[in-house]
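4 protein chains.
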Amino acid sequence: MALMTPEEFEEGLKALKPRVFMDGKLVDDIFENRNTRTVVEANKASYAWALDPRYRDIMTCHSPLINDVVNRYTHVSASIEDLVKKAEAGTFTAETLGTCIYRCVGYDAFHSLASTTWEMDRDLGTQYHPRFMEYLKMVQTKDLSVAGALTEPRGKRNQKTPDWPDPYLSLKMVDKNRDGIVVRGAKINISGAFASHGLLVLPQAAHPEGEEDYAIAFATPTDAKGITEVGQYSPYAAERDMAEDLEELGNPVFGQRETSMVIFDNVFVPWERVFHCGEYRYSIKLVTRFAKTHRMTCGGTCKVGFMNQIIGAAKLIQEYKGLENATHINEQLMEMVVLRETGRACGMSAATKGVEEPSGSGVFLPDELMGNVSKLNICNAFWRVMALAGDIGGGLIVTMPSMKELKNPEVKDYVEEFYSFGSDEPTENIMKVHKLLQHWTAGQHGVATWHGAGPVMAQKIMLQRVIDYEHDKNIVRQTLRLKEKKEKRGTNPSED
Amino acid sequence: MALMTPEEFEEGLKALKPRVFMDGKLVDDIFENRNTRTVVEANKASYAWALDPRYRDIMTCHSPLINDVVNRYTHVSASIEDLVKKAEAGTFTAETLGTCIYRCVGYDAFHSLASTTWEMDRDLGTQYHPRFMEYLKMVQTKDLSVAGALTEPRGKRNQKTPDWPDPYLSLKMVDKNRDGIVVRGAKINISGAFASHGLLVLPQAAHPEGEEDYAIAFATPTDAKGITEVGQYSPYAAERDMAEDLEELGNPVFGQRETSMVIFDNVFVPWERVFHCGEYRYSIKLVTRFAKTHRMTCGGTCKVGFMNQIIGAAKLIQEYKGLENATHINEQLMEMVVLRETGRACGMSAATKGVEEPSGSGVFLPDELMGNVSKLNICNAFWRVMALAGDIGGGLIVTMPSMKELKNPEVKDYVEEFYSFGSDEPTENIMKVHKLLQHWTAGQHGVATWHGAGPVMAQKIMLQRVIDYEHDKNIVRQTLRLKEKKEKRGTNPSED
Amino acid sequence: MALMTPEEFEEGLKALKPRVFMDGKLVDDIFENRNTRTVVEANKASYAWALDPRYRDIMTCHSPLINDVVNRYTHVSASIEDLVKKAEAGTFTAETLGTCIYRCVGYDAFHSLASTTWEMDRDLGTQYHPRFMEYLKMVQTKDLSVAGALTEPRGKRNQKTPDWPDPYLSLKMVDKNRDGIVVRGAKINISGAFASHGLLVLPQAAHPEGEEDYAIAFATPTDAKGITEVGQYSPYAAERDMAEDLEELGNPVFGQRETSMVIFDNVFVPWERVFHCGEYRYSIKLVTRFAKTHRMTCGGTCKVGFMNQIIGAAKLIQEYKGLENATHINEQLMEMVVLRETGRACGMSAATKGVEEPSGSGVFLPDELMGNVSKLNICNAFWRVMALAGDIGGGLIVTMPSMKELKNPEVKDYVEEFYSFGSDEPTENIMKVHKLLQHWTAGQHGVATWHGAGPVMAQKIMLQRVIDYEHDKNIVRQTLRLKEKKEKRGTNPSED
Amino acid sequence: MALMTPEEFEEGLKALKPRVFMDGKLVDDIFENRNTRTVVEANKASYAWALDPRYRDIMTCHSPLINDVVNRYTHVSASIEDLVKKAEAGTFTAETLGTCIYRCVGYDAFHSLASTTWEMDRDLGTQYHPRFMEYLKMVQTKDLSVAGALTEPRGKRNQKTPDWPDPYLSLKMVDKNRDGIVVRGAKINISGAFASHGLLVLPQAAHPEGEEDYAIAFATPTDAKGITEVGQYSPYAAERDMAEDLEELGNPVFGQRETSMVIFDNVFVPWERVFHCGEYRYSIKLVTRFAKTHRMTCGGTCKVGFMNQIIGAAKLIQEYKGLENATHINEQLMEMVVLRETGRACGMSAATKGVEEPSGSGVFLPDELMGNVSKLNICNAFWRVMALAGDIGGGLIVTMPSMKELKNPEVKDYVEEFYSFGSDEPTENIMKVHKLLQHWTAGQHGVATWHGAGPVMAQKIMLQRVIDYEHDKNIVRQTLRLKEKKEKRGTNPSED
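Protein chains in written order, with our numbering: chain V, 525 to 1020; chain C, 525 to 1020; chain R, 525 to 1020; chain L, 525 to 1020.
Source of the hints: derived by calculation from the structure; they are not laboratory data. Don't take each hint at face value.
To be verified - The list that follows gives simulated cross-link-like pairs (lysine-lysine, DSS-like), each with its CA atoms no further than 27 Å apart:
#: 1; chain 1: R; residue 1: Lys931; chain 2: C; residue 2: Lys749
#: 2; chain 1: R; residue 1: Lys684; chain 2: C; residue 2: Lys936
#: 3; chain 1: C; residue 1: Lys549; chain 2: C; residue 2: Lys877
#: 4; chain 1: R; residue 1: Lys661; chain 2: R; residue 2: Lys809
#: 5; chain 1: C; residue 1: Lys1009; chain 2: L; residue 2: Lys680
#: 6; chain 1: C; residue 1: Lys609; chain 2: C; residue 2: Lys661
This one's a predicted model, so the numbers in the text were calculated from it and none came from an experiment.
Start from the sequences, fold in the hints, and give me the full structure.
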């Protein structure tokens, strides 16, 4: 069986030596640094679940590619059933981690590359598809974690790429030789690269003729020469660094979500890991196929799991406070549930309307319209859920003292007394649940939901392309028995 | 084959002589009265589609009950596939009629009775289920249209039923004898009774002990002795009565939607048509099973069809005005599509999560949570779609003159000229599309959507009952490793 | 005193013979036709209030122009206090009529012309201002009602005016001679022209060079040769025509709102009534000054009055049904009140921030930003209030029968019984209040609110022009002590 | 003149020795601790502005009480003009600090006490008002900063206060003697107590008979014996503690907002500082008068100032990215401005409708309805503004690295390059503006806005009390000429 144990995962990862900076300093050991550690933990959990009989069905599947059981996060969907399982896995991992399963961007990038390399080969006679499938076989066989990377710094949006003063604001091929290619630039907002074996790099955007050097996709180890990661550093990261005990934190083990800017300073990629190189017309296909797959994930599945945590925490606080019969809070909880279930229905609809794309490729992708609808809805829904939970949780979400005060002999009795709500629940529990809601409602999750899988405008642009109004117009024509245009008389009275 | 032609339907209906009043007068002939005629036309269409090869798959199915092909609107769903087809039929009929398919309330009542009579018989040893199935066989064999009836006038909501000064504000059994029962009261807001062969009557609400005489369900012909219908009469009905030519109207053939108050003044119902009589604990089951089925219909299926008409009309007006590239209108159209697709996904989710209920009954009903979520979402969505379409359609929706002016020799040239938008579309078409949007955005559809299948509060009450928070709370407990309660120390400092 | 009695108003109006068509026929007598009559009644009320000691303070003021008491609706605001009174008058007239006071468009056009003619004369040396003030003196002295007219049919929006196949889709001067000008075209969506003494015509839009013939403003009697009015004809108009007794209707005396298309087929206007003729740069000033004044009116004042009616009706129904303690209904009523008061605060803010414009002109206009904000907010608020009232009112708003049934001997007892809600309120009252809510929530008011004073996009375009972000940016610069730009180092690594 | 310099303020404060804990440790020096320091800085600024000719008019006024110029934050409003100035001051301080001016709760508590002590004395013959005015004279003369304190821990909400296991979950008088009273309990969520000279304590809620010992209001120095403060400790506090340079932070000088739990463990208060003691019927008056005053502040004034910062930052990012012409961003900026101006209009309306309360007291308080409307609106508006700004700001708000990386020789060139957007703005500026938006959109401000001045439900409860529907119902009665009730006929058919 191709599955590693979580310990094997961690051990194996130690062979890599990525160059990572955070908070102005080099990270000596990503397994020790508390913030990079959260990513290790999250990915590690995905290895544990795959071996756990309770979750095996959702976290693994049989791969015809290597004729073995593989972690689902390395499998390209080959049916609607696969897409449905993919959606369910997204919710399960999210509700259990309370943060990203950092493997999903790579997972979605596998889908996009499997589909588009097949199409390039069919149309252009290239040999990318077998090359990519060999790479994927290796990933499955070795049970690797792969982070995906698309977003780029970019220059002024009112200028074209070639007009930017710095050509590297989008990742660019700077050399191409017999052995492979050399790239320079950066990918930003990259989730979980710290604790992944490899990176899978796609273009961020369509590239017109003349931008061939930007039309590149490839895989690389995370510690390839020339790669530097600069990790995000938020107030939540500072809090984690400051904590005496991780139990003080809102999401003790898995944290908020860690990303980094991944800099490629003349990084070499051998040809067997290059899956797109200059065929600029296909860049947009790589992007949009990734996007709809990832929007189903971010819109209709992982945020559903996050909402489970938020709803559970709000419900517990309601009970701690003795507010079970408060109509307005029950209304608010219900509104959260309605938003969650609507999100789930849209995500599931994206899966059940999925299609093989292109026909004959064997790759199933979610419905474009519903993938985008899922994400668009959840953006607004998530802010609303944050606000509702923030209302139920109360001012304490913001104003609570450090959990350390529970160990401070001079104030711990006061804290125990005055944050008890007069309930027989341990005050520590009450404070921890507030801390969890602080994690969800007073941190980065609102903005992150906006931008994960692309901002709202990206969904709208895609919807603009795929919505077809002909059916609707024809219904109107039929209902009203509209006349043909030729019957129009002249309306310019000067002709009369 | 059990299917009637549309002509046979109309011919057969003429055998019935319902007593109908409208606008203060007796309706002599429901086939001639323009407003009752719209109901005849809508139901008639359902017979035509069943025979039309294009729609046969959606409008008919094989009934094991009579081992024959039947109209889907007489079939009790026996699988998730049936529920999915039911949802699709709801959208198809709605987008084609631009109004109710008046058979859906009866269709949903069939589901509720099939399920609940089975359960009553199992629990109480009654014989309602075979009696109901005999009735349903007759309906299928004769291919009848049946209107459902639940809503009642009711008295003061802050009083209990027995405290109302008038005991008949809820439909009441006033006599019971060897042959059957006699009922007095009224059902209000009843869609399509004019042009149906029969009525299927359920309780509107739960009935506690002491209200046995209100715990009744039965079928009756629409022209039974003692039944009087008082039809609604809205401005749109007046407009229809005033028209010289139905083509002047927003929905020429099928109208807005016609309902009536159905009065039962000591109406006799023979035992073979009584399906619930005094078993008050089961009244609420009849109601809630109907409700979730009907909320899937009203929430996730028929409003989707209506939105197709609205979106199509708004799109045509955009084109007539030369506004294809106006960003704000494209945004508004997109928002309508997102609302529509979200509605569709929720309705479909209610179907695909459906279950056999009770287990063993053979009756499949939609998921309770999603049935209610569908309806709750669509209530707000529909008002929003009306508003958006009203913005695109412009002031003309409100201010347009009668279509008769196009035939008025003194002004028709002006009307042709000044309502042309300078486009080469016939002005008549332009005005008709505005008239259709008037039908949708300046009439009864907003309020009707609120209240069809029960007001928002009814969905909320049901959601309050079915939402389960345990899973969510457990996720939080696990994430935070919350302590058991017993560890709580005393917080009353007087104990210290 | 310059004030007419209502009887004198009606008598005086009879001297005019406007050519009006409605529902495909000539209106012989606008005082007899039930739909044109509603406009007569509404304007007539404005004469009654001016003489009523209870309302005199709000409906009249002293005009320095003629040194006499005049109806406020003929007075150009000369102070912030005047603007505040203007806002209060808008709310009072709206809540009392339940429809437009049809004089407000003219009232707002007076403001725009007084301001802009003054500016044209100052800048260009023209003599429009004294000419306009002479006209206004005449209006005040004779106490006339004047309807304003701006909106035009227009051609394809993606074409410029000169490219339209029909040059008359915007009102155009077709001749100019010693005596005056001749115009051809139409104004659409014109409120209340039927029952006004005169029309005051402004351009609808900015006009660039080359469109001088469209840059026109003037006054004309409503029965000038060449003017034809084609009245709107909605379902509500049909209902009024069909009624046996006006008491059957939702707003018995004053109706929904009547507009017409006013066609100018080579209408002559003498020079003493021409106030703008070819000075195309000033067309936009006429439009925007009218717009902000009218948006304060439509946004922050008259809709507040309408909401009073809606809230009152919803509250009465709550009481009839015995739902005084239903939390969800109290929440909905409260939401309506919050929306109303927010609207009122914005309108009042537009007034209290008003300024003399141009400085020295003596004309006070509302604040541009707040005038537009008022209207933008109320558009959404009004749909929401409709929806909320529709929820409280219940299905009966849509499904109620004709009030005639209360006189129909065969059903009146049933109707009395079953629409009583078991309350001791006369059923007739209960039905009338539902009919009033039908008027507000199931008719043209949502769309009319969108478009009265210009659609949402018009407010947005104006806001885009007037919002200034410098203050906000400076605050940020100061808070963060941002550096000057010159410190920027080169970022193109090829320079390194 | 009674005004201190900022330096005198800081010097004077050093005389106090409050007992403060934060992050599990005693705060040795509130002037050195970085988080308590932010409060010192904010209050200090209020002394600087009062002496600054640019802001003197807004930050000071003449106090008749001591016949001298005082800081406005110590003055009880005696006119509508004062209320208007109060509103303007709230916006000015908020936009300049980007956090609370911590003196506003005390300022609003002065209003409530001045009004209610006057009323108690009038009604009960007590002598609280002169006692309070003596205290206020002292505050004005010494130019002190006073923090207000209302919110309490409270026990189970479904139990009454006397049923809580711990009687001190609400602040309670535990002794009363010739010299004064002794209190035990805590006030939570208290803004700015660290750096204030004194505390002004009011009840949080109404107290019925039997809760006399909870009906207390008083002033005390912040370092009175028995007072302990436990400071909030959020991720943002940890970040501040971790920073090498405060310039790394989103709001470098003034921070997010600091609160504490203030514990009263048998604190003695002398009678000359007790302003309410047992007159339980007046507790609710103290609360509601404070509430409406504070809701005007929080709803319509300070959030307006915060929005200025947010809008400014979003606008700058739009420009840095070269997105000035992006329609969707201009729409979002406009939506923020509309929300801000609506908030401002409501706050101003609360001020301009203010009244002397009670009549004769000389104290002016904002309009109750509009005070609550302001707060209710801004709650939702602020979340929406956060979301919009989060969309414009982009993923970088969440994912940006520490500003320290700009000084890290190994990565600073990369950071300069890749976060430049290709603009000539210093990258440091770009990162700082993102950091400011992180402060606003990815921290505690959403939840804080919900709960500052009481949660949404508190506003709703108050609105429920003050809304009067009679005017609205009467308008409906008049429009419809509703009949008197006596005309109702019997509807019980058994009487027929």
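Checked hints:
1. Distance restraint check for Lys931 of chain R and Lys749 of chain C: the Cα-Cα separation of roughly 23 Å lies within the 27 Å cut-off, and the hinted pair is therefore satisfied.
2. Proposed proximity of Lys684 of chain R and Lys936 of chain C is supported: the alpha carbons are some 26 Å apart, at most 27 Å.
3. A distance of roughly 48 Å separates the Cα atoms of Lys549 of chain C and Lys877 of chain C; the hinted pair therefore is violated under the 27 Å criterion.
4. Our distance criterion of 27 Å between C-alpha atoms is met by Lys661 of chain R and Lys809 of chain R, whose separation comes to about 23 Å.
5. Our distance criterion of 27 Å between C-alpha atoms is met by Lys1009 of chain C and Lys680 of chain L, whose separation comes to about 16 Å.
6. Note on Lys609 of chain C and Lys661 of chain C: the hinted pairing holds, with a Cα-Cα distance of about 21 Å set against a maximum of 27 Å.
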